[in-house]
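Colleague: For reference, the chains in residue letters:
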Amino acid sequence: MTALDKSILNVWRIKSGLWAGVLSTGVLIWDIMNFFEADRITLFGLIPAAVMLFLGVFVFWIPALRYRYWGYELREQELLLVRGIFNRVHTIIPLRRIQHLDVSQDLFEREYDVAKLIVHTAGTKSSDVILPGLSLDVAETLRDEMKEFITDEAL
Amino acid sequence: MVDEPLTEPNSNPEDPLDLHDSHDPRGEAKRLHPLTLVQRVIVSLPAIVFILLPVFRDGDSMAWFNLVLAGMYVVIFVPWIGLQYLKFRYWITAQELVIHSGVLTRRKRNIPVDRIQNIVIEQAPLQRILGTAKVVVFTAGSATAEGMLEYVSLAEAQYIRSVVRQLQAAMKDVSVMEKPPGEVDESTKESLSQLLESAPDSGLVETHPEPNILYQLSPRRTVLAGVFRFSLLYIAAFFSLLQYIEPDPERMFFWLLRGPLEPWQDVITGSPWLAGALAAFGAISLGWFSGILLTINRYHHFRIERIGDKLHRSHGLMTLKEGTIPLRRIQAYIVRTHPLMAHFGWFRLELQTMGMDLNESGFEVAIPIGRREDVTHFLNKVGAPSVPTTWAPVSKLTIRRFLTRSFVALTILIGIPAFWRIEFLWGLLIIPLLIVMAFTRYRYLGYAESSESFAVRRGWFRRHEWIIPIRKLQTASVRSSWFQRRLGLATVYVDTAGASPVQSADLIDVPFKLGEDLVRRVYDRFSSAASASADAPSSEE
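Which chain is which? The protein sequence lines are C and R, in order. With this note's numbering applied, the first sequence corresponds to residues 1 to 155, in that order. With this note's numbering applied, the second sequence corresponds to residues 1001 to 1541, in that order.
With the rest of the complex left out, here is chain C (with noise of 0.2 Å):
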């Protein structure tokens, strides 16, 4: 199984970090307006903190669970996915059950050079297939050796 490549852990963490910033913030603004309430609980930057300190944990560990988890393998007619921290998933996608391939970068991707893999198949549930986290060089040279495998076999 080959891992991701490790900078995924940035982008993870920058995307996850944005979403807790937002969520504390709110808390924050939240313990501001109650500033002058004669009846509070707690002193005034407790909560924000512990929500801070909790979603910081997230921020950080999450993504490294996420990672630990994350293999792909590339065999000679299929394609082998792991993934999942809660739910652990094994997936096998045989080559010449490729629609087709789509290679994609989101903003902060871009900023540190990884890609997507998008697998589509005619399936349901693995309609389209992510493989997160990969080098832009190592996405585009497993969509060519992918590519070979696209068969115009009907279904």
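Worth double-checking, as some hints may not be accurate.
Unchecked claim - Think about it this way: if two alpha-carbon atoms lie no more than 35 Å apart in a straight line, the pair counts; the simulated DSBU-like pairs of lysine-lysine are: (1) C:K125 - R:K1396; (2) R:K1310 - C:K147; (3) C:K147 - C:K116; (4) C:K6 - C:K125; (5) C:K6 - C:K147; (6) R:K1310 - C:K125; (7) R:K1108 - R:K1087; (8) R:K1108 - R:K1321; (9) C:K15 - C:K116; (10) R:K1321 - R:K1310; (11) C:K6 - C:K116; (12) R:K1321 - R:K1381; (13) R:K1513 - C:K6; (14) C:K125 - C:K15; (15) C:K125 - C:K147; (16) R:K1172 - C:K125; (17) R:K1396 - R:K1321; (18) R:K1396 - R:K1172; (19) R:K1321 - C:K125; (20) R:K1108 - R:K1030; (21) R:K1321 - R:K1087; (22) R:K1030 - R:K1087; (23) R:K1381 - C:K125; (24) R:K1108 - R:K1310; (25) C:K125 - R:K1513; (26) C:K116 - R:K1513; (27) R:K1310 - R:K1172; (28) C:K147 - R:K1172; (29) R:K1381 - R:K1310; (30) R:K1310 - R:K1396; (31) R:K1030 - R:K1321; (32) R:K1513 - C:K147; (33) R:K1310 - R:K1513.
Bear in mind the hints are in silico, worked out from the structure with no lab data behind them.
Fit chain R to the supplied structure of chain C, relying on the hints for placement.
Modeller: Positioned in the frame of chain C, the structure of chain R alone reads:
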């Protein structure tokens, strides 16, 4: 008005493939059946009634506005129907079905004959009276109708279908010579147009082998299929429609029956329990009855037969429906039943297809109701893998998982509210039912594997048996949630094209190791079958 240059089939100079040089054998572009005009107007009549409703009802001060709308309908809409009719042309060439339509926006649609998967001929009651039919053309790529002819005469509809079939058969012979797609040489074109010309004007000369009836419903079984189908949906729709009717039918009912029924009415309104029970009984029997009627309407004269490598199906009482399912489009076979049906030995067979008529949520009913033998017979005759006779069980731990989940749900739904209202504890009466459910569910869970198929069965009430031909596999996966991992269990899933995301063929709670091995074995069988068929491409597409 400037006439567009496309009323004649062979006057398109830009066509690079020059596909239009062969005429429709009737020599010209065809119009729809003239009665189309009548039908369109009739269909739009409810709208005009709706518009004029306030005018009829009472002296509404806004009624003049509706009158203006109605006037616009007569002045604009009715001529519009006529224009649409005049601008609609279609014809068949050796390679394509061509449809030109549109009044303001011209639309030219060319549907290659070899891409046509299914031609459905539909006749609603009005069309049956007038002897016309709707032709709906489905192609491989899209789930929705690609072309629609509303309406042509029934003979014309059947003619179109038979010509398309004959052209497809002829093309198959031609394609053996390995021409690059899209390129057709002179001699081929010649033979195809000859074929077109020799096609009869109406009626069908089927060049196909003997039709082979795979299943047909007797009237008794049609009713039976309805008996087992129960839905309150129609009743809800019916009563919500009643809301809009004036005067209130409910009041009218009581007014009509006020004499003899008065004492009863008093009794019922006096006791809320009795009223509730009666209402429930009424709703259930109405739901049941309407289910039967609707089923009869849909499956009257249901018949499915095999013609060559296609299934041909026709059914319907009010609306006749005829369609074709190419065998190779079938992705999986689903045998369904529920405890009541199973108790009397009845089953329903559905075909999971891909990229065709998605009306029945992607599943074509092959046997609305039938015995196990009928299902087996059908599967045999279409070359499908047979229904497994023995099913391997999943892990017994699944009972424990189900009960744990139910008790957590019970605690939340009953335990917590019980703090406020002790009556909620009556809900605990369903515990025995849950235990029964857990065991029945376990008994019915299972899988079967063979060299040519992988089968999964599942469901406590809605029982499904999925029989997946091994070469129709798309992807295979093993997944295990955190709870499953603690018990060493996993879920195996073989994905197929067109599978339902809701009722999916998940094989739940097999031992983890077994799950991994199972997926590996299934995949290995798939890849050897697939590479075998790649070596011999003509065996199956």
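Colleague: Each hint needs a verdict: does it hold in this structure or not?
Modeller: We went through each hint and held it up to the structure:
1. Restraint check for K125 of chain C and K1396 of chain R: satisfied, since their Cα atoms lie roughly 27 Å apart, inside the 35 Å limit.
2. For the proposed pair K1310 of chain R and K147 of chain C, the alpha carbon gap of about 32 Å is at most 35 Å, so the pair holds.
3. Pair hint K147 of chain C plus K116 of chain C holds up; C-alpha atoms about 15 Å apart against a cutoff of 35 Å.
4. Simply put, K6 of chain C and K125 of chain C have alpha-carbon atoms about 28 Å apart, close enough for the 35 Å limit, and the pair holds.
5. Our distance criterion of 35 Å between C-alpha atoms is met by K6 of chain C and K147 of chain C, whose separation comes to about 25 Å.
6. For the hint pairing K1310 of chain R with K125 of chain C, the CA-to-CA distance comes to about 28 Å; that is within 35 Å, so the pair holds.
7. Proximity of K1108 of chain R to K1087 of chain R is assessed by CA-CA distance (about 11 Å); at most 35 Å being required, the pair is judged to hold.
8. Among the hinted pairs, K1108 of chain R with K1321 of chain R is consistent with the structure: their alpha-carbon atoms are about 27 Å apart, no more than 35 Å.
9. As the CA atoms of K15 of chain C and K116 of chain C are separated by approximately 15 Å, the hinted pair is consistent with the 35 Å bound.
10. Distance hint between K1321 of chain R and K1310 of chain R is fulfilled; the C-alpha atoms sit about 16 Å from each other, no more than 35 Å.
11. With a CA separation close to 13 Å, the supplied pair K6 of chain C and K116 of chain C stays within the 35 Å bound.
12. Proximity of K1321 of chain R to K1381 of chain R is assessed by CA-CA distance (about 23 Å); at most 35 Å being required, the pair is judged to hold.
13. At roughly 30 Å between alpha-carbon atoms, K1513 of chain R and K6 of chain C fall within 35 Å of each other, so this suggested pair holds.
14. A distance of roughly 25 Å separates the Cα atoms of K125 of chain C and K15 of chain C; the hinted pair therefore holds under the 35 Å criterion.
15. Our distance criterion of 35 Å between C-alpha atoms is met by K125 of chain C and K147 of chain C, whose separation comes to about 21 Å.
16. A hinted pair counts as satisfied when its Cα atoms are at most 35 Å apart, and K1172 of chain R with K125 of chain C qualifies at roughly 34 Å.
17. Of the supplied pair hints, the one linking K1396 of chain R and K1321 of chain R is violated, its CA atoms being roughly 46 Å apart against a limit of 35 Å.
18. A hinted pair counts as satisfied when its Cα atoms are at most 35 Å apart, and K1396 of chain R with K1172 of chain R does not qualify at roughly 52 Å.
19. Restraint check for K1321 of chain R and K125 of chain C: the C-alpha separation of about 31 Å stays at or below 35 Å, so the hint holds.
20. Distance restraint check for K1108 of chain R and K1030 of chain R: the Cα-Cα separation of roughly 14 Å lies within the 35 Å cut-off, and the hinted pair is therefore satisfied.
21. Annotation: proposed proximity of K1321 of chain R to K1087 of chain R holds, straight-line Cα distance about 27 Å (limit 35 Å).
22. For the suggested pair K1030 of chain R and K1087 of chain R, the alpha carbons sit about 11 Å apart, so the restraint of at most 35 Å is met.
23. Between K1381 of chain R and K125 of chain C the CA atoms are separated by roughly 30 Å; this keeps the pair inside 35 Å, and the hint holds.
24. Simply put, K1108 of chain R and K1310 of chain R have alpha-carbon atoms about 29 Å apart, close enough for the 35 Å limit, and the pair holds.
25. For the hint linking K125 of chain C to K1513 of chain R, the alpha-carbon distance of about 23 Å falls within 35 Å, and the restraint holds.
26. Taking the CA atoms of K116 of chain C and K1513 of chain R, the gap is about 30 Å. The hint holds against a cut of 35 Å.
27. A hinted pair counts as satisfied when its Cα atoms are at most 35 Å apart, and K1310 of chain R with K1172 of chain R qualifies at roughly 14 Å.
28. Taking the CA atoms of K147 of chain C and K1172 of chain R, the gap is about 28 Å. The hint holds against a cut of 35 Å.
29. With a CA separation close to 12 Å, the supplied pair K1381 of chain R and K1310 of chain R stays within the 35 Å bound.
30. Proximity of K1310 of chain R to K1396 of chain R is assessed by CA-CA distance (about 42 Å); at most 35 Å being required, the pair is judged violated.
31. With a C-alpha separation of about 24 Å, the suggested pairing of K1030 of chain R with K1321 of chain R holds against the 35 Å cut-off.
32. With a CA separation close to 32 Å, the supplied pair K1513 of chain R and K147 of chain C stays within the 35 Å bound.
33. At roughly 41 Å between alpha-carbon atoms, K1310 of chain R and K1513 of chain R are farther apart than 35 Å, so this suggested pair is violated.
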